[in-house]
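Trainee: As a plain string of letters, each chain reads:
There are 2 protein chains.
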Amino acid sequence: MTDADPTMKRNLSAKPPTIHDVARLAEVSIGTASKALNASGRLSDETRERVKRVAAEIGYRANDLAHSLRRANSRTIGIISNDSFGRFTFPIVEALEERLADEGIAVFMCNATDDPERERQHLDQLLGKRIDGLVVTARRADKRPTIGISAAGLPVIYVFSQADDPDALSLLPDDEGGALLAVEHLAALGRKRIAHITGPEHFEAVRLRRRGYEKGLAAAGLAPNPSLYRAGVWSEAWGREAVADLFGNAGEKPDAIFCGNDQIARGASDALRERGVAVPEDVAIVGFDNWDVMALAARPPLTSVDMNLKELGREAGESLLEMIAGKRLSGVRRRPCSLTVRESSVGHKDE
Amino acid sequence: MTDADPTMKRNLSAKPPTIHDVARLAEVSIGTASKALNASGRLSDETRERVKRVAAEIGYRANDLAHSLRRANSRTIGIISNDSFGRFTFPIVEALEERLADEGIAVFMCNATDDPERERQHLDQLLGKRIDGLVVTARRADKRPTIGISAAGLPVIYVFSQADDPDALSLLPDDEGGALLAVEHLAALGRKRIAHITGPEHFEAVRLRRRGYEKGLAAAGLAPNPSLYRAGVWSEAWGREAVADLFGNAGEKPDAIFCGNDQIARGASDALRERGVAVPEDVAIVGFDNWDVMALAARPPLTSVDMNLKELGREAGESLLEMIAGKRLSGVRRRPCSLTVRESSVGHKDE
Numbered sequence: 003m004t005d006a007d008p009t010m011k012r013n014l015s016a017k018p019p020t021i022h023d024v025a026r027l028a029e030v031s032i033g034t035a036s037k038a039l040n041a042s043g044r045l046s047d048e049t050r051e052r053v054k055r056v057a058a059e060i061g062y063r064a065n066d067l068a069h070s071l072r073r074a075n076s077r078t079i080g081i082i083s084n085d086s087f088g089r090f091t092f093p094i095v096e097a098l099e100e101r102l103a104d105e106g107i108a109v110f111m112c113n114a115t116d117d118p119e120r121e122r123q124h125l126d127q128l129l130g131k132r133i134d135g136l137v138v139t140a141r142r143a144d145k146r147p148t149i150g151i152s153a154a155g156l157p158v159i160y161v162f163s164q165a166d167d168p169d170a171l172s173l174l175p176d177d178e179g180g181a182l183l184a185v186e187h188l189a190a191l192g193r194k195r196i197a198h199i200t201g202p203e204h205f206e207a208v209r210l211r212r213r214g215y216e217k218g219l220a221a222a223g224l225a226p227n228p229s230l231y232r233a234g235v236w237s238e239a240w241g242r243e244a245v246a247d248l249f250g251n252a253g254e255k256p257d258a259i260f261c262g263n264d265q266i267a268r269g270a271s272d273a274l275r276e277r278g279v280a281v282p283e284d285v286a287i288v289g290f291d292n293w294d295v296m297a298l299a300a301r302p303p304l305t306s307v308d309m310n311l312k313e314l315g316r317e318a319g320e321s322l323l324e325m326i327a328g329k330r331l332s333g334v335r336r337r338p339c340s341l342t343v344r345e346s347s348v349g350h351k352d353e
Numbered sequence: 003m004t005d006a007d008p009t010m011k012r013n014l015s016a017k018p019p020t021i022h023d024v025a026r027l028a029e030v031s032i033g034t035a036s037k038a039l040n041a042s043g044r045l046s047d048e049t050r051e052r053v054k055r056v057a058a059e060i061g062y063r064a065n066d067l068a069h070s071l072r073r074a075n076s077r078t079i080g081i082i083s084n085d086s087f088g089r090f091t092f093p094i095v096e097a098l099e100e101r102l103a104d105e106g107i108a109v110f111m112c113n114a115t116d117d118p119e120r121e122r123q124h125l126d127q128l129l130g131k132r133i134d135g136l137v138v139t140a141r142r143a144d145k146r147p148t149i150g151i152s153a154a155g156l157p158v159i160y161v162f163s164q165a166d167d168p169d170a171l172s173l174l175p176d177d178e179g180g181a182l183l184a185v186e187h188l189a190a191l192g193r194k195r196i197a198h199i200t201g202p203e204h205f206e207a208v209r210l211r212r213r214g215y216e217k218g219l220a221a222a223g224l225a226p227n228p229s230l231y232r233a234g235v236w237s238e239a240w241g242r243e244a245v246a247d248l249f250g251n252a253g254e255k256p257d258a259i260f261c262g263n264d265q266i267a268r269g270a271s272d273a274l275r276e277r278g279v280a281v282p283e284d285v286a287i288v289g290f291d292n293w294d295v296m297a298l299a300a301r302p303p304l305t306s307v308d309m310n311l312k313e314l315g316r317e318a319g320e321s322l323l324e325m326i327a328g329k330r331l332s333g334v335r336r337r338p339c340s341l342t343v344r345e346s347s348v349g350h351k352d353e
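Line order of the protein sequences matches chains H and R.
For reference, each letter of the first sequence is one residue, going 3 to 353 in our numbering.
For reference, each letter of the second sequence is one residue, going 3 to 353 in our numbering.
Treat the hints as calculated values from the structure; they're not laboratory data.
The model shown is predicted, which means the values in this text are computed figures rather than measured ones.
Copies of one chain are not kept apart here, so a pair can be met inside one copy or by any two copies together.
Restricting the straight-line Cα-Cα distance to at most 20 Å, the calculated cross-link-like pairs of lysine to any residue (SDA-like) are:
hint, residue 1, residue 2
1, 131, 30
2, 312, 176
3, 255, 195
4, 131, 20
5, 312, 100
6, 255, 216
7, 131, 75
8, 312, 116
9, 54, 104
10, 37, 131
11, 312, 120
12, 131, 31
13, 312, 89
14, 131, 29
15, 131, 76
16, 255, 191
17, 312, 324
18, 131, 33
19, 131, 105
20, 329, 170
21, 312, 115
22, 37, 49
23, 194, 283
24, 312, 164
25, 329, 155
26, 217, 190
27, 312, 88
28, 37, 130
Using the sequences and the accompanying hints, generate a full structural model.
Mentor: Below you can see the structure in the form of structure tokens.
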């Protein structure tokens, strides 16, 4: 490590300097840098002065959070994921890790794979390492038992996962609001017979998205038609099957389909094309997840609801820092989704 | 925690008990359990006896590795991933974390997102936490600069990532061998004109898979036809485009296509179906990655080369444990791929 590296200062100029930058440039630990700047603890005058000089040079400004983070003992937190680190979990974990790294806090990752015994092992291990906080995440946004923490007062956040304890803090995407966005978009395009093909109803997300769909219909003055609602599984094959069923029988044909995820949307879109039904001219399609692999490969590319998982992860990091600094946070917080509009709803742009 | 929990013993019977199990059941730390069993360090007789009794009860057998792991100081290791934790990295990291958790070693995850400054920050932080070992991984299996470690002697492993230092240990899938498997399979099915549609040639994996493809042709006594080789990008759209090109011109038409990944294979398969070319009757297809989302959703489902990433991760964990225990390992090790056979090469099973 050398402070003569010109790339360092250049990178520092890109965003506000952190306590981590001060520590690195002054060649001290983060704890020492914090002590020096907070005029606490025993330090040599030379060290204290060097830290202060570096902080002044790079324009570091201690904030309340940084002061309060003196409460962080080990400067580590743990993440326990159930159901493996998958497509939904990793943007969250990545953004969270990035936010905490800025404060010099490192992240232990533990995969409990839905095995309660394994989860307890991990928890014991993390508590043994005296983590300053814990994040619990999962693939499914359904309720789970509150994690048994023997160390009272350890900050815990559930992200993309919901504790059954009302005193816990759970951060989730607003599934209902996301579905409402999708239906508002389709209604604004003049669609009148909007179907909803979705996943298994034992997912809370499926029930919430359905509620958003129904609210969207009501807001647009459209009467719901129960035959246009189909719950199944999260697959392309189900999307194809549901389309075959909706278009193969004598009932009312939809002029738009809001799908519970992008895989269903892609299957529906393929099935429509193969029946000679034009997307979006005859039937507009909106998916959910904004999973680029699916959304961009579909023909035409899919308009899709984005759960903004990176922002959810960043907010989880921010909230955990606040809790480590002594703030009490609780309750279920649902964060807004957004809509990424592509050709499957508004028409071909290039072809 | 209670040792009266009947599920615990049941779970323990499933695989050999670890030092972690002993520590948990004896209600001591792993360090204490290790000291008690190795007759080293200061401990009360009562504790030493309790640990030994628990170890005997559950049939724990210390092995050389467990003994040597006394060298592990912090019982933590770090993983630095470049290019974010994605589809390829996660199975590796998961399996590695699982293996190390069995030895009571926790994993710090750090995402460097291809930013050298960020990587150095993470490294400083990890060294500050006195990690016992480091794993470097990436999305691309290309060579990268050896990581600058100031703490001499820290065990480092590159997984799905290759250091430019011959003394480093790099674990990679055998791309060439995987491609060979694919072509042998197609040749054994009687295919004579095997095309290869693949990704960008600046990927070492693309060059190695091509070499395996050419070796496979030679082994089957098939003459290579340069017009049947197409390098492009890793997308479905490229798979469709390459098929349009191969079948739209006057040249020799392939009766099989080995694709550089499953996205290309899926695009190729869609384009063939839409041209009225039957898969696999007219053209058999094999993909690479065995990515279930793609392979199972394709019609018909894709035969694909599997890089066995979980096994790669497990082996990385095993090797890192050996290195922490004092063993020196180096060189580039390539681990075998396997072939998952589905309908895209051998024909419809159900439909």
